[in-house]
Structure formats: C-alpha cells, structure tokens
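Sequences and hints are given; from them, build the entire structure.
These are the residues of each chain, in order.
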Amino acid sequence: MSISIQDIIKEENKVFSKTKLLTDKVFSYCPGCGHGVAHRIIMEVIEEMGIVNQTIGVAPVGCSVLAYDFMDIDMQQAAHGRAPAVATGISRVFPDKYVFTYQGDGDLAAIGTAETIHACSRGENIIIFFINNGIYGMTGGQMAPTTLEGMKTSTSPHGRDLHQMGFPIKMTEIVAQLDGVQFATRQAVHTPSAVRKTKKAVKKAFENVKNKKGVSFIEIVSNCNSGWKLAPVKANEWMEEFMFPVYPIGDIKG
Amino acid sequence: MAKIRGAVVVDVERCKGCVICVNACPTNVLSMSKDVNGKGYSFSYMENPEACTGCMSCSLVCPDVVITVYRMKVNE
Chain X
3 MSISIQDIIK EENKVFSKTK LLTDKVFSYC PGCGHGVAHR IIMEVIEEMG
53 IVNQTIGVAP VGCSVLAYDF MDIDMQQAAH GRAPAVATGI SRVFPDKYVF
103 TYQGDGDLAA IGTAETIHAC SRGENIIIFF INNGIYGMTG GQMAPTTLEG
153 MKTSTSPHGR DLHQMGFPIK MTEIVAQLDG VQFATRQAVH TPSAVRKTKK
203 AVKKAFENVK NKKGVSFIEI VSNCNSGWKL APVKANEWME EFMFPVYPIG
253 DIKG
Chain W
391 MAKIRGAVVV DVERCKGCVI CVNACPTNVL SMSKDVNGKG YSFSYMENPE
441 ACTGCMSCSL VCPDVVITVY RMKVNE
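First to last, the protein sequences are chains X and W.
Each residue of the first sequence is one higher than the one before, starting from 3 at the first, in our numbering.
Each residue of the second sequence is one higher than the one before, starting from 391 at the first, in our numbering.
Just so you know, these hints were derived from the structure itself, not from any lab.
All values derive from a computational prediction rather than experimental measurement.
There may be inaccurate statements among the hints.
Covered, in the sense of this in silico footprint (three residues per stretch, anywhere, with C-beta under 8 Å from a C-beta of chain W), are these stretches of chain X [unchecked claim]: (1) 11–17; (2) 25–32; (3) 36–49; (4) 140–146; (5) 194–203.
Some chain W residues near chain X, calculated using beta-carbon distances under 10 Å [to be verified]: (6) Leu450; (7) Val451; (8) Cys452.
What follows is a list of derived Cβ distance ranges for each label pair [to be verified]: (9) X:Phe246 / W:Lys429: 27 to 37 Å; (10) X:Gln79 / W:Met391: 52 to 62 Å; (11) W:Glu437 / X:Val248: 34 to 44 Å; (12) W:Glu437 / X:Ser4: 12 to 22 Å; (13) W:Glu437 / X:Pro250: 31 to 41 Å; (14) X:Ser156 / W:Met391: 56 to 66 Å; (15) W:Asp401 / X:Ser6: 17 to 27 Å; (16) W:Lys463 / X:Thr115: 51 to 61 Å.
Think of the CB as a built atom: it goes at the ideal place given N, C-alpha and C, for glycine as much as any other residue.
And the structure:
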C-alpha cells in the first residue's frame, strides 16, 4: 500500500509548526541568520510554560531592534546597550513577571558593558540572551569587541590586530565570576542538536526566574553571513572552525 | 513492518533560500528549487519525499520558521 504525501499532510500528523507567539511578519534578518532560530526557541519555551501574559521582553539596538515586531508578547525597546537597566526597572516594578533582554554583541559587550555587568552583579531576577556573532551586523559589519583575532571586518580590513585593537572579550566568562549570576552558558543554534540543547538552557533560565534565583545569562554563538561575507552554510562551518575554539560551547556556571 | 513516513510543507513565500535545511536533512529529502518566489529567492522543496522520516531537523534549524513537519506510522 503506497501512501501519498496528501495522506501524511493532515492536522493529526502535525509534529512541528510555527509557534503562535511569533507574528506573521517576515523576519527582517538576512537569509540564514541565527536570530530567527533564537527568537523561535524563546517563544516556544514561553508558550510551553504558559507564561505568555507574565513575560516582558526588552529589545536592544542592533539587528534585533525590531524583535518586538516578531515576538507577540509584551516588549519594551531600550536605548543602545541599556536593556539590562530597563529590565532591572521592569522586574523591580513587577517582581512576579518573567523579564528577559535580547541583545547582540555590539549592544551588550561594547556600549552596554557597564549595564550588563552591574545588572549581573546586583543579581537582578532577569534573563539576558546574548547573541554573539563577532561583528556589528546591522551597521555594516564593523569590528566588535568580540571580533576574532585576524578576522576581517569593514573597520579592520587587514584583520584584527591584537597589538593595536586588543583581544576579543568573553562576556559569559566575565559575568560567570559575579555572584549575582546563577546560570551562565554558551550555546549555538546552527545544528538540530545545538538547537535542542539551547532550548533546554532557555527553559532552565525561565525556571530560574520563576524561582527568583538571579541572573541567567545565555550566550548564543551565531553567524553573520552578510558581515562575514560567506554563504549561510559556509558561515556555519566557519563558525564551528574559528568561533568555537575562542567561544567554547557549554555551561560555564550553574 | 511499521514504518515512519514524514512530509514537510515549506511556506514558499517566506523562504529566503539559505539552504541550511537542505544541509541539515539526514536523509537528503530537501533540495533547492529552480524557480524563485516573489522575493526572488529560490526555495527548498521535497525532491525525494519517499525518504522523509519527519525527524524535524530541517524545521529546527530553519531561521525563518517556514517549515511545517508531519509524521505518521505506516503499516506495510
């Protein structure tokens, strides 16, 4: 007995579809960008935990500045780098809400370093999602603090020179030293297994907020194929080869 | 013998043709179309639908969440 595709494509056989917490708006991200997967994982966890009405997100400045257009939950837009400060305010006014920030590496590790470190040091009951692609994607691929040694960007056309431009900053290791941080981990979203592990970490972070345990810091090493000037699949291979040795995947604390 | 059959539906107009799903598929079901969608991107489709097991690998890595996955058990 042969089964046609139409027999399989039925509502009762559906095992995966887009979560309803993502709006129908098409993502403004480039083809192959990891932001889309990160958005989806966060929204799926919120939906599965049934905390839609108790969750408030804070969007950053950067490629994900329009995150509030895609995430169908309460969102607030913060000034560049100040998302942890805004999230601090929200979580202190509404101590029972699940508050998270969603930031890129230019936002969190450059202009917002002070806000990030002090929010972590105070042990605010929030989640910080840190999407690290080693470049300023939105503004045209300039060098970020997380840019790797020798990596070519539009402001380091001969590659990052460590003597002149310093070393890449490892934010997750830095904040893991702080007592206010309960959970610090580094994950990726480029393969199915990495996505599953990231989802587990996101779930754990939301449970930490529920139990009022302090900051959960989740770094997601992602690609920027436009900034890196690579095709999406090649960018993911490049990420595995060059990003992962500098930013190793795994739990750092908690 | 019971067998698992799967199928995927790609939202063609939202697909940006990044090829990550084609690369992630363990059974080489997906392939990129010769045609393009309204935005000019080529999109992924099931070239080899018999091999699909509904494992969801493609949908897990799809950055634009355009893939819906169906799976059923078939007795043959």
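Practice task
List in ascending order the numbers of the hints, as given earlier, that are violated by the structure.
Solution key: 4
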